[in-house]
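Trainee: Sequence:
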Amino acid sequence: MNPSGLLFRRTAPRVQTPLRQKRWAQVSDVRFYAIKPDPTERYREALERKAREKGLKDANELREAYADRIKRLRKESMVPGLNTAIEEEGSTPSNPQPHRPPPQPRDAASSIPYQPPPPPQPQATPSSKPQSSSSKSSSAPPVRTLSSFIDVEKSSALPQKELETIWRLRHVRDPQSLAAVLPSSTYTRIATTAKQHPQFVLPIPHPDRGAEIHFLQWTFPSPTTATVLFTHLAEFKLRGEFAQPHTTVTYHVDFAEEKGLVLMEGRVQEGKRVSVEEGRFLVMGLQKFYGWEGKGEGKRRKLMEQFSGGDEGFRVEELLEETEKVP
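Those letters in the sequence shown? Residues 1 to 327, per full-length UniProt numbering, in order.
Calculated from the structure, these hints are not laboratory results.
Calculated pairs, DSS-like style, for lysine-lysine (alpha carbon to alpha carbon, straight line, at most 27 Å):
hint, residue 1, residue 2
1, Lys325, Lys299
2, Lys71, Lys57
3, Lys50, Lys71
In this text, all values refer to a predicted model and were calculated from it rather than measured experimentally.
Input sequences plus hints: build the corresponding full structure.
Mentor: What follows is the structure, encoded as structure tokens:
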């Protein structure tokens with residue numbers, strides 16, 4: 001036996017497969033774990049200094065002292081018309097609603113569910129209720145009386161036919177204007193219905209893109225005038241009372257008793273996506289529903305009562321069907 005060979009076998013190292021260890025470590029971006037600093041902590045020193053000037057203990061007492069002012073400023077910074085309520089600090093709503101982004105104007109009419117309007121309020125005369133500052137800053141243009149168009153005293157001596165001709169010629173030069181003359185008996189029915197239903201909706205059918213809904217509101221700014229404001233329903237839902245009307249119509253009743261007629265004038269605003277023909281269609285629809293004349297007046301009366309009462313049975317399809325019917 002060879003001793004050197006035995007020694008080699010004893011001293012030769014064993015060749016073994018190296019062990020492999022699995023690592024489950026993962027590299028994470030610390031930016032996703034960063035915490036946004038509290039603005040109160042950022043301005044803590046300035047708030048503490050302000051609190052000492054006011055004779056308060058610290059910034060927390062300063063915040064409690066100005067709680068009402070903070071809440072008021074939050075409400076003033078709200079976007080009008082979006083119906084976003086500011087919750088009380090520390091309170092939780094009983095039935096929280098999921099957050100939904102506000103609809104865009106182009107698809108608001110289809111994405112916002114129908115919300116019945118509140119019951120109509122009785123119309124107040126200018127003598128019984130002073131005009132508030134909010135109504136003075138309304139988006140609607142100021143109402144012009146009949147004397148701003150014609151000489152009322154001289155026109156009262158003219159025959160009825162000549163008065164109608166003068167009134168139509170007075171507006172013929174303005175391509176955006178609307179003018180008409182209607183019997184006082186017809187206006188009486190319209191005005192009576194308007195005081196019962198001061199708000200309503202009227203559609204304008206479009207063969208290529210369906211019907212477009214418009215919201216109308218009645219106002220009686222003076223004893224001799226009644227005004228109707230037409231607004232896109234989508235814009236009214238977004239902006240509320242700050243919505244801009246695209247068509248304004250005013251009825252003048254100065255000659256209702258003496259001549260037996262009422263003069264109507266209006267204007268379609270340019271750049272509001274409404275043509276003059278569509279404005280005339282809305283005025284005709286207004287007279288059809290508020291005048292309650294012709295075939296189907298019972299159905300139209302029912303639709304107006306459903307809308308004013310917030311009835312869920314109100315259907316836009318039925319409204320469109322009645323609008324397209326010939327009186």
